[in-house]
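As you go down the protein sequences, you meet chains W and E in turn.
Heads up: the first sequence at position 113 corresponds to 113 in our numbering, and the numbers run straight through without jumps.
Heads up: the second sequence at position 86 corresponds to 86 in our numbering, and the numbers run straight through without jumps.
Incorrect hints may have been included.
Some chain W residues near chain E, calculated using beta-carbon distances under 10 Å [said to hold, decoys possible]:
| no. | residue |
| --- | --- |
| 1 | SER95 |
| 2 | TYR107 |
| 3 | ASP129 |
| 4 | ARG147 |
| 5 | TYR261 |
Output of the computed footprint for chain E on chain W, the stretches with three or more beta carbons under 8 Å from beta carbons of chain E [stated by the list, open to error]:
| no. | region |
| --- | --- |
| 6 | 37 to 45 |
| 7 | 121 to 128 |
| 8 | 237 to 244 |
| 9 | 249 to 260 |
Cut-off 20 Å, straight-line C-alpha distance, at most; resulting in silico cross-link-like pairs (DMTMM-like, lysine to aspartate or glutamate) [claimed, not checked]:
| no. | chain 1 | residue 1 | chain 2 | residue 2 |
| --- | --- | --- | --- | --- |
| 10 | E | LYS81 | E | ASP349 |
| 11 | E | LYS103 | W | ASP257 |
| 12 | W | LYS124 | E | ASP216 |
| 13 | E | LYS149 | E | ASP382 |
| 14 | E | LYS99 | W | GLU144 |
| 15 | W | LYS124 | E | GLU279 |
Simulated from the structure, these hints should not be mistaken for laboratory data.
Built from N, CA and C at the ideal position, the CB exists for glycine as well.
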Amino acid sequence: MDKVFSNKRDIAVFVGPTLLLFVAIVLVPIFVSSYYSLLDWNGIGRGEFIGLDNYIEMFTSSRALNSMKNSLLFAAASVFLQLPVSLLLALILASSIKGEGFYRTVYFIPVLISTVVIAQLWSKIYNADYGMLNTLLKTVGLPELARDWLGRRETALVASFIPILWQYVGYHMLLMYAGAKSIPSEIIEAAKIDGASRVRTALSVIIPLMKPVLKVSLVFSVIGALKIFDLIYVLTGGGPFFVTEVPSTLMYTTIFDTFRYGYGSAISVFIIVECLVFTIVINKLFRTE
Amino acid sequence: MKALRKNVLLAALALVLAVGLAACGNGAEGGDATTPDGNAGGASSDNKNVKTIELTLWDQSVGATDPSAKLIPEIVDEWNKANPHIQVKRTGTSGEQYKTKIKTALAANEAPDIFYGMGGGSFMQPYIENGNVLDITSYVTDDVKARIKPGVLETLEYEGKLYTLPVYTHIANLYINTELFEKAGASIPTTYTELLDAVQKLRAAGITPAVVGEKDRWPGMYWFNIIAMRQAGYDAVVEAFHDPSKWNSPDIIEAARKLQELAKAGMFNDSMFSMSYEEMLGAYNAGNAAMMFQANWVNAGIEDPSSATSGKVVVVPFPVFEDGKGTVHEFLGGSSDGFYISANTKHPDEAYQFLLYLSEQLGTRGFLAGAGLPTWSTEGLDTSSLSQLDLTFAELMDTAEAFIPWWDNVFPASSADTHKNLIAQLLAGEITPEQFAEQTAQLEPTELNL
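This is chain W alone, in the form it adopts within the complex (with noise of 0.2 Å):
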């Protein structure tokens, strides 16, 4: 194995198939994208170079400021109401309990299930006429809450996060899961010797030995809350009147219903830069350890 590692050419044969790849298929077309949203351009024919106006109307245009309110909402709900219930239900299954085996798979299915059918069966419950949520509202005798969820700005929004939270908990739940496992027995029974109770256990010796898969687990969840595209699109196409849209979108409804690719473009760039300055930034916050 040494050898392996030593000999420079040798690695270079290993990596070099993917990283080849890699260039192809994430960076190349990443700078061909910065390119175009230089342009204004229809998608067909000639662009028309016009410098960063793109960007200048992203950032002036009240819907684009929106999406990227929601964007970030999204990361929010993702990071203080998603990861906290992972969390929990982590340590509780790696606690050994009785069925530990068949709650975490119960839990993970979700996460198995297409995105598109998720939304399709969330659209359903929330149906106004004859959705699963309205009809047990009047079944226990509250009529007055039931609504029209996706179909009206007050509750959109609110509504359209559920079914993302919902999709991933149990993901999370298994990488933090993995990462309490991991923990070598050893040290748990000491805090049990020192008399700690298991919220006390659980708070200061697992969740900081656990820092590792958190960070991971911090970063999916923000990176994907920020570039969500096909549950929003499926579940409510960004409306009603815009208030459910996302970056990803708008960048979708701008490139094909009104053919901007230019100004598309400089969406998905401003998505990328996005992604890559809250990765880095989670970093730095747990690295000052």
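Could you slot chain E onto chain W? The hints should help.
This is chain E only, laid out in the frame that chain W set:
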């Protein structure tokens, strides 16, 4: 020995992976019917010294109740049997996905030889202007023109040239569920006042007067389009399309006001903003609403034996306004979707032959199957299999004096989007009619010759 076995296993594993990759690659290309470059595979010669040409056809007729979904494969089969050296391979993709797919393919210069395009204008316009579509003006001979109904070819011309042939056309009218109307004691409206009256009676009887799938925004647009046409009249609307400042006029403001009045009177379903077009059809066909303003492509679903509306729905022209300038002979719709030939096709002559065959066959047989209204001559056709709805549409079509296509096809793309959003806001009561007219006046003029 162990080392040898390990090496053999490693080699075998590598081989399996490589074969798997190759198989996947080939499988994807061979089995994937959407390979755009069909011509590459077509130059193989058969033993008769005649080259077999392969043409690719893309369309969007895949709906379960869409008559074209059955007709197109039949027509392609017939052509393939009759023309062994011009084989056509067809791929169907549904509605909104089709739009994305064809736009992407055209932009990447990988368009199929023949493809379906939404008629009227703003959909195909950028591609025609960019030279992606074949100009077929010189191919269309006089005897072909003679077989097409008068006035139709003119609506398809773009800057005096032809890029497509008509298939069938659609107009929008008001569908009335007579059973629900009787239950409420309402009479079929012929004027605006009668329409408001019907709304009140239907609501009093606990029936949703009309269902509209405003999540997709264009169903609501149809309502505003016809109301504006009835209020301002055909000429004023056409004028405004060419000179957008005319949108800010008393008639348009009044039309917007009437739409809001209808909405406030409870005309539409409460769930309209989260209901899609498909869900609207489902709701109407299940008998959940009394009226719907849509085009004749919905006929098949309404008359389907499994629908609660089968045999109970009639169609009437949209009511006339007592204070409006529009007449009952002015219709929303009338343009024809059609098939276009890619400018990059290697076989333009054969592609045109197929285009002519497909357009005429689908146009006439589609009409007989209730897919649309005829644009080709209907002499000698047996119309006995048409439903009552289809026949009524054909009758109404004969009374038509003027057509305006769906406005999101007349406006240029970006303006069409804004137009639909403004109507949605109007329906929600978020902007006043005056604001609506002001903002509509900011839209761009049409690039079609209406």
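Non-conforming hints, listed in increasing numerical order: Violated: hints 1, 2, 14.
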